[in-house]
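The hints should help you fit chains B, C and D with the ligands onto chain A, whose structure is shown.
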Amino acid sequence: MRFMPHTETDIAAMLATIGAKHLDDLIAHVPANLRATATINLEPGRTEADVVAEISALAARNAGASGFANFLGAGYYRHYIPAAVRAVIARAEFATSYTPYQAEASQGTTQAIFEFQTLITQLTAMEVANASMYDGASAAAEAVLMAHRLMPKRSIVALSRALWPEYRATIRTYLSALGEIEIVEVPFDETTGATSAVALDRIANDRLLCTVTGYPNAFGIIEPLGAIADMTHRAGGVAISATAEGIALGLLRAPGELGVDIAVGEGQSFGLPLQFGGPGLGFMAARMTHLRQMPGRLVGQTRDRDGRRAFCLTLATREQHIRRERATSNICTNHSLCALAATVYLSLMGRNGLRDLAEQNVELAHRAVEVLEAAGIHRRFSGPFFNEFALQVPSPSIALKAAERKQVLAGIALGNDYPELSDALLVSVTEMNRSDEFGRLAAAIAEVR
Amino acid sequence: MRFMPHTETDIAAMLATIGAKHLDDLIAHVPANLRATATINLEPGRTEADVVAEISALAARNAGASGFANFLGAGYYRHYIPAAVRAVIARAEFATSYTPYQAEASQGTTQAIFEFQTLITQLTAMEVANASMYDGASAAAEAVLMAHRLMPKRSIVALSRALWPEYRATIRTYLSALGEIEIVEVPFDETTGATSAVALDRIANDRLLCTVTGYPNAFGIIEPLGAIADMTHRAGGVAISATAEGIALGLLRAPGELGVDIAVGEGQSFGLPLQFGGPGLGFMAARMTHLRQMPGRLVGQTRDRDGRRAFCLTLATREQHIRRERATSNICTNHSLCALAATVYLSLMGRNGLRDLAEQNVELAHRAVEVLEAAGIHRRFSGPFFNEFALQVPSPSIALKAAERKQVLAGIALGNDYPELSDALLVSVTEMNRSDEFGRLAAAIAEVR
Amino acid sequence: MASAGRIVVVTEDETSSTPIRTEPVAGVPLIFELSSDGRRGADPSPRADGARRGAEILGPELCRENLPGFPELSEPQVLRHFLRLSQLNFAQALQFYPLGSCTMKYNPVVNDELAALPGLAGLHPATPAHLAQGALELIARMEAALAEITGMDAVSMHPAAGAQGELTGLLMIRAYHRKRGEVRHKVIIPDTAHGTNPASCTLAGFQVVVAKSNRRGYLEAAEVRRLVDDDVAAMMVTNPNTLGIFEPQIQEIAAILHERGALLYLDGANMNALLGVAKPGHMGADIVQLNLHKTFSTPHGGGGPGAGPVAVKKHLEPFLPMPRLKHSGTAYEFDTDRPDSIGRLRSFHGNFGMIVRAYAYILALGGDGLGMASRLAILGANYVRTRLQPHFPSASGEPSMHECVLSHDLEKRADVSTLEIAKRLLDFGIHPPTIYFPLVVPGALMIEPTETESKEILDRFIDAMERIYDEALNDPARVKNAPQTLPVSRVDEAEAARRPILRWMPGA
Amino acid sequence: MASAGRIVVVTEDETSSTPIRTEPVAGVPLIFELSSDGRRGADPSPRADGARRGAEILGPELCRENLPGFPELSEPQVLRHFLRLSQLNFAQALQFYPLGSCTMKYNPVVNDELAALPGLAGLHPATPAHLAQGALELIARMEAALAEITGMDAVSMHPAAGAQGELTGLLMIRAYHRKRGEVRHKVIIPDTAHGTNPASCTLAGFQVVVAKSNRRGYLEAAEVRRLVDDDVAAMMVTNPNTLGIFEPQIQEIAAILHERGALLYLDGANMNALLGVAKPGHMGADIVQLNLHKTFSTPHGGGGPGAGPVAVKKHLEPFLPMPRLKHSGTAYEFDTDRPDSIGRLRSFHGNFGMIVRAYAYILALGGDGLGMASRLAILGANYVRTRLQPHFPSASGEPSMHECVLSHDLEKRADVSTLEIAKRLLDFGIHPPTIYFPLVVPGALMIEPTETESKEILDRFIDAMERIYDEALNDPARVKNAPQTLPVSRVDEAEAARRPILRWMPGA
Ligand SMILES: Cc1ncc(COP(=O)(O)O)c(C=O)c1O
Ligand SMILES: Cc1ncc(COP(=O)(O)O)c(C=O)c1O
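Residue numbers (our numbering), protein chains in the order written: chain A, 1 to 449; chain B, 1 to 449; chain C, 1 to 508; chain D, 1 to 508.
No lab work stands behind these hints: they were computed from the structure. For every residue, glycine included, the Cβ atom is placed at its ideal position computed from N, Cα and C. There could be a bad hint or two in this list.
[To be verified] The list that follows gives simulated cross-link-like pairs (lysine-lysine, DSS-like), each with its CA atoms no further than 27 Å apart:
1) C:Lys-326 - C:Lys-314
2) C:Lys-186 - A:Lys-153
3) C:Lys-326 - C:Lys-179
4) B:Lys-401 - D:Lys-326
5) C:Lys-186 - C:Lys-313
6) C:Lys-314 - C:Lys-186
7) D:Lys-186 - B:Lys-153
8) D:Lys-179 - D:Lys-326
9) D:Lys-186 - D:Lys-212
10) D:Lys-186 - D:Lys-314
11) C:Lys-480 - C:Lys-412
12) C:Lys-326 - A:Lys-401
[Stated by the list, open to error] From the structure, some residues in chain C lie toward chain A, with a derived Cβ separation under 7 Å:
13) Val-277
14) Gly-343
15) Val-488
16) Glu-493
Chain A on its own, in the form it takes in the complex (with noise of 0.2 Å):
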C-alpha cells in the first residue's frame, strides 16, 4: 500500500529481530474472541485517483455551494481569502507538526502563535489572549466557566437571547454538570433588536455571576455594549462579550474599550474557508489579573542559553497534562492551523486593510437594506447593525423557497430558534456580494408579498 514502506524483506527482517514468525504472532496476546470479530468490513483500499473520484462525485451534490447569490450568515461568514493564507497552512512544515512541546524544533509555530496571541489582544483591546479554542461557541461556554472560577460564589449567567442560538446551546450543555449554575435569558428588545437594558437591570443583581452579550448580536445588531458592561459591573459580575463576524472589530470600539473582562469570538472570517462549519477558530482574551484562570494553550517569549529571543508554551500549570482535574479546562489539541491561517490573513489586510473591509461591508450591508426598503421590504429591527440585519417577511420559508428558485439564497429564518421572530428573515451582505445581487434578492422576497 502506498502509505506504507515495508516490503517483504522488511517484515521479516524485523520479525526475526523481535523473535516472531508472522505479524500476527505480535498480537497474539489480545484475546482470541476479539481478534477473531475484529475484521473490518469495508470496502478494500483504492488508488488515489478512485478516491478523488469518490469524493468529488459527492462534492458536485452541493448545489449550495456555488452558482447561487448567497446571503447566509448567522455566525458563519463570507469572505474572499486570499491565496497567500493558504500557500502559508499548506506549508508541510505548518500542517504536519504536532503541539510545539520541543520548543528548539517549533520555533516556527511558537513565533506564529505568538503573534496571533498579539492580534487578538490588538483587536479586542485586551491583555492577553491565548492560542486559539476550538470554536466561538466552546470558547464563549469556556469564558463563562472562567468567570465561574473568578467568582465562585456566584450562580446567575445572563445569556442574551440575542446571543446565537448555538452559542446559547454550548454554554448550556458546559455548564449541564455544574449543579449550582442558574441560567436566565435576557430578552432583546422588540424594537431595537439589542439586548433589554430594563431585563438585565432586573437580574443584575449580587447573584450574578456574567452576561454573554454578542457584538455585532445574532440579529447583526451593534449592543450598546459598554451600557452592558457597566450594568453588569455594578451588579459585581463579569462581562463577557461573544463577536462571530471578527470583521467587525476592524471597526467598531473593542471590547476592551468598553470595560468587557473576557471578549472571546469566532475567528472565521478570518481566512478561513466555510467548510460547512469547521474547523472554525475559537478566541479568547481577558485581563492579566485574570491569567491564571484562564483556559487554554498559551505561547511566551523568552531566550535561548545564548541569549536569543525565543519562543515556548508557557503557564501549563493551567492546564489538564499538568493540573489534570484542576486544571482550567480539559482542552488539548485547539485550533492551532486556523490561527495560523487568520494569523497570515489579518497580516495581509493591515491596519488600514482591515478597516476599509469593515467599512466596505457596512457600505453594501446598508445599500441592501435601501434596496430592500425601495423594495417596500423592512428591516425588522431599528438597531445599529453591521453587515447583517433582520428583514420584516410575512413567510420567511415561502421566501426562501422563492429565492431559491431564483438561485438566491436569501438567508435564514429566524422563526426557528426565535417563535416570536416567525416573521423575520436574517440576512448577511459582505464583500462577496455584488451589488447586482440585491436587487434579485429584493424581487425575490417582493414576489412572494
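Positioned in the frame of chain A, the structure of chains B, C and D with the ligands alone reads:
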C-alpha cells in the same frame, strides 16, 4: 499596490539619498518624446478577488476541459497526476529560484535535476540526458542540429511521415536557415502505419545525416525502431527517436537497446497537466561519445571543499553564455520545474508502478478496439499499437460532431494533416478513460456510418 | 543582517554523524517589527465605489480609532515572513516524529486538496439540507465506517477534538444515569490515564477515583472490583493504555462495571493499535471517542484542528449530541426531535474539513489496509523496543502494541535526564518521543513509530539513541548542551513562566 | 545519521551579523539510494480488472525487461525526499535575490492557483476551438495587452522562452528580406549582449558583427553607421542594455538601420525598466521579445518554464509563427492560411500555463501599476548604486535604469575575487547578483533589486556588501572560505567538468 512595499517615506528617503526630487527625475534622461507617449492604456489594477473572478470566468468558458468522455491525444496525453507532484512543485524553494548558477544555494534543484537526468537515461537506456528542453518538438529539432554537428558533411534529414506534424514543422523551422540541409519525408506503410522500410532503404545513402522516427509514432504504432536504426547506421547516419507518450517507455524496448543514437521526447505524460499544450517537457538522451555536442544544461556530481557530495551545473562551455555564437544551442531558460514534476512523478510510480500503468494503457486501448470492432468500426492500420490508434471512419468531421453532441470528444481527424488519411480518426485511450466510455464512443461513431 | 535559523534535514546517509556547532544568531523578526505605515498587503476593493463610508454610516460613537500597533506589510513581505517561520519547524513530512500517543503518521497530501474542493470548502453550514446532500452523505458514510471499525452502534461526528469527545461521552453517561433515575458521582480512571481524562471528568461534574495499574503496567479486574460501587457512573480506560499495553482484562473489567450498572468509556486515542485487531465494541465499551488527527491521518497542524467523534452502543444513542443526522428515506436531514440529547458542544456539524480528510484516508486504505496499518505500527514499536532493550529497557514486560514506553539509567549513571536525551535527539534531525509520560514511569520515553516509517528510519533512530547513550557516559556535555544545530539553542522555559511576555508591544 | 543541509533564513534584525561556522555533514541521499524492491508510491489501479495483460498483448519482442535501477519508494518517502531537497535552495520568496538581468520579483501565489483551474489546466490542446473559447480569448487579450505595453502592432505568444523568441524574430527578419528578394547575412550585436543573442543568430544562419559600446557603456550611432551595410539584416539591441543603461541613441540607431533596409530587433528581457517609461515600438524597434518569467512575474522554477512572446510591427506580421489566432467575428479560431509564416518552433499554442499567470499579473497591476513597478525598480537600482558607490563604483557614469553594474578594486587590493564576494554574500542569506557579466566589465556585479523588495532589504544588502569589503581587507580568509552556513561549502565545479558524473549508477 499590494506587491510593492514602498511607503511615501521610503520613496522620499531613497530619492534624497540619490539626490533626486521626484521618481520621474530618475528617467529624465530617457528621450522626452518616448516618455510622452509611454503611458500604458490598460484598465487600472485590480484586487486579487477581482482578478480571480475575471480569470475564473474565462476558465468556465472552456467546455472541453470537463464533462466530456475524452479520447484526445496526438502528442499530449491524459494521465492521472498524484497530488504529491503538485505538493512538491508548489514549494516556493523550487518554484521561485532561478537557474542554479550558485551551486551552494541550489543543491535542492541541482540534485533533483541530477536525479531527472538519471531517470531519463534509465527510461531510454542511454548514457547521458540533459536537464530538459522546451518540449518534444523542439527537442527533436535540437537533436537534428546535434546530429548535424556530429556529421557536418552530410545533408539529408529523413523525417518519418508518421512523425507528428508539429514535430516535422518544428524541425523544418529550426533547419530553415541551414541552406545545405535537405529534408525528405519517409512515407509510412499504407497497411501497417509504420515507417516504410522500403522507402527508407531508398534514401539511406552516404548523404544521409539522420533519421527521425516516432516511437510510438503519430498513429500510435510501435515502430520497428531497431530495424530503422540499423538501416540508418548502415548508411552511416544518426538514428534519432522521438517519443511523445513517455509512459510507453515503461513497457516498450528502450531506444538505447534498439541502437538509437539520440532519444528525445515529450515528458508531459510524466505528471504535467494538459494546460492547453504548454509548458510541456522536452527530454534528450544520447551516448557519452556525443556529450560535447549535446545542447542544453547538464548537472554533474562533484564534492565540496569538505569532501561532501555536491551537485552543480557543468560542461557549460557548450552553452551560449560561454560559447556565444559557437554554442551548441541558444537555449537558456529551459523547463526545469517541469523536469522536477517528472522526477517526482516517476519516483512515485516507481519501477513496477510505471510498468503497471503502461500495461494498463495497452490493455484499455486494446479493449476499446475490441468494442469498436464489435460495432463494426475498424482500425485503419494493422501495426502493433500502444495506447493510441487510427480508426477507419468515412467522414471523421461528421463523426466528431455527432460524438460531441453525446459529450464525447472522439479524437482527432487525421485528414487535416494527412490528406491521404481523410478517412481516419485518431483515438487515444488512457487510464483516465473508464471502460464504460468505450461503448459511448462506438455508439457515437457507428451512428454516422 | 545575517544567517539565522537553520532547519535540520534528516539524512539517511550512514557517513554523516557529525552534529553541527553553531554560534548565536538572531531569529526571524516579529511581523510587527517588519511593519511600516502605509504598506498594503491587500488593496481596497473598488467594488464599493471608492469611498469607504462605513464609519460615516455608523457614526463616531460606534467606531474605534484605527487599530494601533496592527501590522502593515506588502503581500511579498507577509509571505516571506511566514515561509521563513515555517523553516524553523520540525514536521512529520520532513522528520521522523515518533511522538508517543500522538500517532504522527503520514498525512496524504491529496486529502488536503479534496477538503479544498469548492463543493466542500465553499459550503455554508446554513445551506438548506436539500442543497447539501453530498456533504451530509459524506458525514453519514463516515459515521457508518467508524461504527464498523469500532464495533459500535451509532456515531456522532460532532466533537471538535478528543477531549471534547471525552466531555461528550461523560455528559452522555450522566444523562444515561439520570434517565434511569440515578445520580452517580464517581468515575474511575487508571493512574496511566491521559490528562484530558480527569480534566473532562471535572467538567462533567464527576469525582475522579484513581485505579492503580499493576507492576506489569496494566489494570487488574480485582482493582476495579475493589473500587466500583453504586456511586460509580463509569470507568474511563485507554486501550492500549499509555504504556502501549493492551489491557488484558478489559472484558472482565467491562463485565464488573456493567454488573454494578456502571459504564465503560474507552479512550480511543490509541486506536491505531486496534484496527482490524480488536473492536472496542466487542470489549464491552459503551462509548469510545476517536481522534481523527491521529488514527485517521488528518494533519495535526501544529496543535490542531482535529476531530473527536464518539461512537456508542444502542442504549446511549438517544443521548448523542445535536445535531443528529438522519435519512428520511429520500434524503439526509437533521433530526430535531431528540428530547434526550445532551445538546450541542460547538457550532454546526463538526469539523467537517477534517471529516473529509479522514474519509478519504479510510477509502484509500480500505478494510484490509487499515488492518495492515495497525499490524505494521505494532511491528515498528516492537522492533524499536527489542533493539533498544539493552540500554533503554521497556517499562513493562508485557508485549507492546503500537507504541513502547522505555526508561533508562542515565539519570543515575551520568546525571543525564530524559529531557536532555530528547534535546540531543533534535541534533540528529529526529523529533523526540513523548517524555515523562505516562507519569507512572520515571523519566519515560514514549515512542510511537507508526506504520508509515521505514525500517531504515527506525534503524537510524535506534543508532542515534545508542549513540546518545554512549555520549551521556563519555561526553555528557554534548548531551547537556544540545541542541546545537537548530535555529535556537536550549530555550529557557522557566524564564518564560517567571515573567510572562504573552504579546508584542510597541517598543518592546 | 545526523543533521545535514541547513538553509539560511534572512533576518532583518540588526543585531544578527554573526555568520555560522559548520562542520562537514552529509547531504540528502539520492532517490535511488532510498529505493527498496517491492515498495510502491502508487498502487495499481483495479480499473483494469486486476491482471495487467499489456505485455502479453504486445508480446515479448516488443517489451523491455523491467526498468533496471529505477527507484521504488512509498509515497511518504518520495514526498519527504523532495521536501528535504527543497530546503537546500535559496529562492526569491525566501531570500533577497538581486540577480541582474533576471528580474527576480515577487511571483504572486494566486497566479499559480489560477493556472491550475480545471478549465485551464485540464484543457487538451486539441480541443475544438469552439469548446476552448475562454482559453483562446485569454491568449488574444494577452496579445493585445503586450502590444499596448510595447507599442507594437501584433504579438505572438508562441515562443517557449526568450531565446526562442530571439530565434523566432531572427527567422522572421530572414523571411522578411527574402520576401523582398534580398539575402542578407549579417546581424550587428553589441559587445554587451547576452549570450543567447549571438547563439540565436548562428541558429538563424546569420554572421555576428560585434559593435563596441563606448567608454560610458552605451552604443553610439556612429559605431552603427560604421558597421551597417547592405548585407546587414538587422541589429539586436538590448535596451536598457546589460549595463542597465538606457541606450540614449536608440532612435538614431533605428533610423540608420532602417535607412539601409536593416531592421531593429529589441531584446526585451529588460522590459522591467520600460513599463510606462518608453515603448520599444516608439524607439523604432521592428521586433521585440518579452520574457514573461522576468517582467511579468511568472515563477522561474529553478530554470524555467517561462515564455518569450514576440511583438512586431505591421510589416512583419505576415511572418509571425504558426499557429496564429484570429477572430472570425463570432469566435476565436486559428488562422491556417498564412503563406509567409516562418512556421512553428514548438508544439501547440505556447506555454499557456505561463501566459495565464502573466495575464493575471497584468490585470492585478493594471496600466498604472505597471508604470509604478518600473519606476520603483529604477529607484531601487539607483539607491543601491548610490550607496555602494564608495567601495563598489558603477561601471558607467550614465544613470542606471532597473539594474546597476558595479565593479571593485578588491582583486588588486586584497586578491579577493568577485566570485568570492558572491559566495560570502550567501552567508548573509542573500543570493548574489549576476557576476562577470556583462563581459565588458571586469569582475562585474550586476544588481537588479526589483520593485518588490523593501528599502529595509536593500539597506541590509548594502550593509552586507560594505561588511564584505571590510572583511576582504582585514579578514580575507573569511571571504575566501565562504560560504560557511549553507548545506555545502564551496562546490568544486572544476572537478565536475574534469570527470563528468552525469547520472547515478548502481553501486556508484
Ligand atoms: C490518550 C489520549 N486521550 C485523549 C487525548 C486528547 O485528544 P485531543 O488532543 O484531540 O483533545 C489524547 C491526545 O492528546 C491522548 O493521547
Ligand atoms: C538580456 C537577455 N536576453 C535574453 C535572455 C534569454 O531569455 P531566456 O532565458 O528566457 O531564454 C535573457 C535571460 O536569460 C537575458 O537576460
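Indices of hints not satisfied (ascending) = none
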